[in-house]
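**Q** Protein chains in written order, with our numbering: chain V, 251 to 394; chain C, 251 to 394.
Please note: incorrect hints may appear among the correct ones.
What the hints assert, rightly or not - Below, a list of computed lysine-lysine pairs in the DSSO-like style, where the Cα atoms sit at most 27 Å apart:
1. 356(C) - 318(V)
2. 318(V) - 356(V)
3. 389(C) - 269(V)
4. 315(C) - 262(V)
5. 318(V) - 269(V)
6. 269(V) - 262(C)
Said to hold, decoys possible - Some, not all, of what chain V presents toward chain C, calculated at C-beta under 7 Å:
7. 307
8. 359
9. 362
10. 373
It should be emphasised that the hints constitute simulated quantities derived from the structure, not laboratory data.
Values in this document were obtained by computation on a predicted structure and should not be read as measured data.
From the three backbone atoms N, C-alpha and C, an ideal C-beta is built for every residue, glycine too.
Protein chains: 2
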Amino acid sequence: MALKSKKGPSAKIRSAAFKRVRADHSAELAEDYVEMIADLIDDRGEARCTDVAMRLGVANATVVKTLKRLQTIGLVAQEPYRAIFLTTEGWKMADDARRRHALVEKFLLALGVSQETARIDSEGIEHHVSVETLRAMAKFLVRS
Amino acid sequence: MALKSKKGPSAKIRSAAFKRVRADHSAELAEDYVEMIADLIDDRGEARCTDVAMRLGVANATVVKTLKRLQTIGLVAQEPYRAIFLTTEGWKMADDARRRHALVEKFLLALGVSQETARIDSEGIEHHVSVETLRAMAKFLVRS
DNA sequence: GACAAAGTTTAGCATAGGCTAACTTATATG
DNA sequence: CATATAAGTTAGCCTATGCTAAACTTTGTC
């Protein structure tokens with residue numbers, strides 16, 4: 251391989267970014283669920299499977315299965331055929347996610363994008379924003 | 251259910267955001283791969299399985315498997331035991347991703363975050379930024 | 001040209017997140 | 001208060017993305 255040169259020490263550093271993205275992804279769904287459950291509880295007093303399914307745009311059975319996972323990792327508590335509750339841990343994650351989500355959305359609006367786009371993009375972006383970037387966004391909001 | 255009120259027409263609209271995020275995710279990996287393959291080809295003349303695996307931080311076998319999928323959807327071309335090439339379609343996607351990636355990264359830097367954070371966060375964010383938001387970021391860069 | 005090292009592929013496994021269809025439980029109303 | 005409808009659950013399937021270990025090519029070197 252004549253054209254092969256060094257890999258550079260950057261390879262490992264580079265891969266860290268992708269590893270973080272992959273880690274984000276597995277947390278992402280959990281965050282979306284607890285955030286939505288928190289909203290449902292606040293808005294209407296309780297969170298039901300069906301509401302979560304409808305809002306997420308997935309089948310009921312999918313929600314049930316995912317809730318099982320969230321129970322095993324201690325974010326959610328639920329009796330069969332009953333409404334969904336959050337554990338202390340779950341509330342913590344939900345509040346965190348909501349704060350982050352709101353900030354990103356406000357930031358996008360301040361940047362000049364439409365409400366619609368801010369809502370949609372913030373949903374995707376919120377999970378990939380570090381504390382440092384969040385802080386920079388907050389600073390921008392104060393300035394502008 | 252005494253406390254159940256209307257679901258609101260927002261449910262379907264809301265779910266659209268999550269559907270987009272899910273769709274983004276399945277495209278995301280493809281974009282990461284073609285972007286990285288394009289970089290490897292430009293930087294060192296060819297893209298090898300091992301390099302992709304190392305940079306992404308995954309096992310070799312994982313790359314092989316994913317490349318199969320990318321071949322079936324027409325982004326990548328490869329002979330067994332040979333280097334990886336991009337199809338015209340693949341190059342289009344790679345260039346698109348690279349443009350988007352670079353813009354997001356530059357934007358984050360302009361916003362005041364560190365190089366390190368800009369690099370990492372842009373990797374996660376680039377896949378979730380709409381054209382409208384990208385344009386707003388570009389505008390911000392011109393102004394600042 | 002033989003052979004060791006490096007790179008690639010295959011096989012087989014696990015987890016996560018989707019789905020539909022069939023079934024069970026809760027509840028709201030006649 | 002019986003029962004139809006709505007809600008939740010289970011079972012079984014699929015795809016995507018990871019992994020390790022073992023097998024197979026390619027290639028560089030002696």
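**Q** So, for every hint listed, does it hold in this structure?
**A** Verification of the hints:
In summary, the hint linking residue 356(C) to residue 318(V) is not supported, as the alpha carbons are separated by about 41 Å, beyond the 27 Å threshold. Taking the CA atoms of residue 318(V) and residue 356(V), the gap is near 33 Å; set against the 27 Å cutoff, the hint is violated. This hinted pair does not check out: residue 389(C) and residue 269(V) have alpha carbons roughly 31 Å apart, beyond 27 Å. With a C-alpha separation of about 21 Å, the suggested pair residue 315(C) and residue 262(V) falls inside the 27 Å cut-off, and the hint holds.
Restraint check for residue 318(V) and residue 269(V): the C-alpha separation of about 25 Å stays at or below 27 Å, so the hint holds. Straight-line distance between C-alpha atoms of residue 269(V) and residue 262(C) comes to about 33 Å, which puts the hinted pair past the 27 Å bound. Evaluation of the residue 307(V) hint against chain C yields a held restraint, the C-beta minimum of about 3 Å falling below 7 Å. A distance limit of 7 Å between C-beta atoms decides the matter here; for residue 359(V) the minimum to chain C is near 10 Å, and the interface restraint is violated.
Annotation: interface hint on residue 362(V) holds; nearest CB of chain C at approximately 5 Å, less than 7 Å. Annotation: residue 373(V) was flagged as interfacial toward chain C, and the flag holds, the nearest CB pair being 4 Å apart, inside 7 Å.
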